[in-house]
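Visitor: Here the protein sequences come in this chain order: A and B. Positions 1 to 77 (the numbering used here) are the ones given, in order, by the first sequence. Positions 1 to 257 (the numbering used here) are the ones given, in order, by the second sequence.
Source of the hints: derived by calculation from the structure; they are not laboratory data. Every residue gets a Cβ at the ideal spot worked out from N, C-alpha and C, and that includes glycine. Hints may contain errors.
What the hints assert, rightly or not - Footprint (simulated), chain A over chain B, 3 or more residues, beta carbon under 8 Å:
#1 87-98
#2 103-116
#3 221-232
#4 237-247
Claimed, not checked - Derived lysine to any residue pairs resembling SDA-like cross-links, with alpha carbons at most 20 Å apart:
#5 A:68 / A:20
#6 A:68 / B:256
#7 A:68 / B:186
#8 A:68 / B:253
#9 A:68 / B:103
#10 A:68 / B:117
#11 A:68 / B:113
#12 A:68 / B:252
Claimed, not checked - Okay, the calculated bits of chain A under chain B, using three or more residues with CB under 8 Å as the criterion:
#13 25-39
#14 42-54
#15 59-72
The residues making up each chain are set out below.
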Amino acid sequence: MTRIIATLRKLLGFFVPDTMLAAFVPGWIALIWLATRLLPVPPAVVAALITLGPMIALGASVHTNAGKIRRARADGR
Amino acid sequence: MFFFEKKNQKTFALAHVGEVRVTPHGYGAAVASFLASLVEFLEALTVVLAVGATRGWRSALTGAAAAVLALVGLLAALGPRAALPAAPLRLAVGVLTLMFGLRWLRRAILRQAGLIPLHDEAAAYARARTRLATVRATAWDEAGIAAAFQVVAMEGIEVVLIVAAIGAADGALIPAAWGAAAALLAVLAAGILLHRPITSIPENILKLGVGIMLCAFGSCWAGEALGAAWPGGDAALPLLGLLWAAAALLMIRAERA
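Just chain B, same shape as in the assembly (with noise of 0.2 Å):
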């Protein structure tokens, strides 16, 4: 159900799903887009329960509510990009996720190699408790609504820039969307259950994981876009993201000793 491609298009089929074509791209994006929305969603819910658990559940969901909507609103503004030629596009993407990707590794690693401290959900949700406590309350509470606002916007809008780098290239938006609607409705879903903030899930590796499959995406598609020929062809993207792997577990060693 992930990627859907005419039979008479040049494709990286793997294999056929009913009528349509599974793509290594269209899983790739699926998963990559799911993990690195995971990881922001996370981050968001961690600060709206501490604004619903020290400034009230209105106050929370007002914020995040207006935050989608601005979110919405940014969607609509931006417009199809189906106009914009292929070729540019496709370098352009791969050259923007190659970017993202780049900045995610360099503070996986510094965080993994013990330079700087692994982010920490519960700490990050102490510290807004501890933040929100101190603001008087008011009728409309303007430093709650602010606060839970700020958190969705900025984090949402991650999630939009990563989703629209990861699925621009060779039509994978669809599977990039429906791995961040996942990540949001799995990250929503937890939240409602446990009511606080998801600690056992380890997202340092995962930043880490996504930072390598940002990577590999970006360098595979800037490489197509200038006419790379990759050895292994469709099995390149795998194989990059190996390469990708190998270097960083490399780069935390040498700074590790």
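Just chain A, with the same shape it has in the complex (with noise of 0.2 Å):
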């Protein structure tokens, strides 16, 4: 279990690194735009994605962040 859940953080953590995370948002949204004009997807699932979306983004980003601080001060940095 501890081993899916560190290579889903890994996971998410390379599609979303820090850097990505204020460009995701648009992103996402663009995305459930185009869902909701070509599928009929239902309001609550909208609500859903709407709040999931960046709220994954940012437990990546931060894992991501919280990655690269623990490897500078490993290092000394």
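Two independent chains are provided; combine them into the complex using the hints.
Guide: Right under this line is the structure:
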């Protein structure tokens, strides 16, 4: 379980690095907007997507940053 | 007195105060704007006080006043946003607020997890004093005026952006502006009375709280613009706040381990 969480964290951290956090939000919103135009997405699903997407991106960004800081500390930088 | 709406409009009203309605969005906007502006004004006050103590109050006040004038000019240049269509404006504001909130929240989480240093006004004050004390004084104290101008302009622009972002959706600009004005008055009064940086306010916790509120506002407004149905209707905003707070606390805990 721990390994699965660690792998998921690594994957998310890879796809949403810190510098991408600001760019992620408009991109994610644009994707949801497009999806609502093309598909019959229920309003509750839109609400869930709009909250959970940025939340997961934030978690990934925080984790990536934390890793960088820890590595820098370990290297004595 | 916060949020004025006509009775025939669709509202999120919870209560009446005299002839006007006070909405959860209005209260929320005022509180979020007050707290966010308070943090920004405190940071500006620290540097202005350092300039005043090391370079003299004329330089500090000249720089600060020039920055305030520049901000007023900026606001006048931006002009009214009333001509913009409501739905795209709400979406843009939601996205902007969410981006602001995520930035605040990321730094606040890293601070609370002990990965980056906590913001310390006393240390910032000492650093500013040391830096300014090494610059030679001239008849027209460019260094002191520039330092006061820079910090007031920078923090002021952030306040303007925050108030615009928080206040644009659902016409909550007036409560958001009242919140920022109250924060300014509180910080000015404290600065005049104390003449030293205000270190007793838990600024780091405030920053975490503001990040959470901005994220809740941002996701709520962006969602409304995209046609999302929030569970609980009007109660969704505080619930979203709780959700973001829970997520932030989980992240802090995970990164502390």
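Visitor: Which hints, by number, does the structure contradict?
Guide: 7
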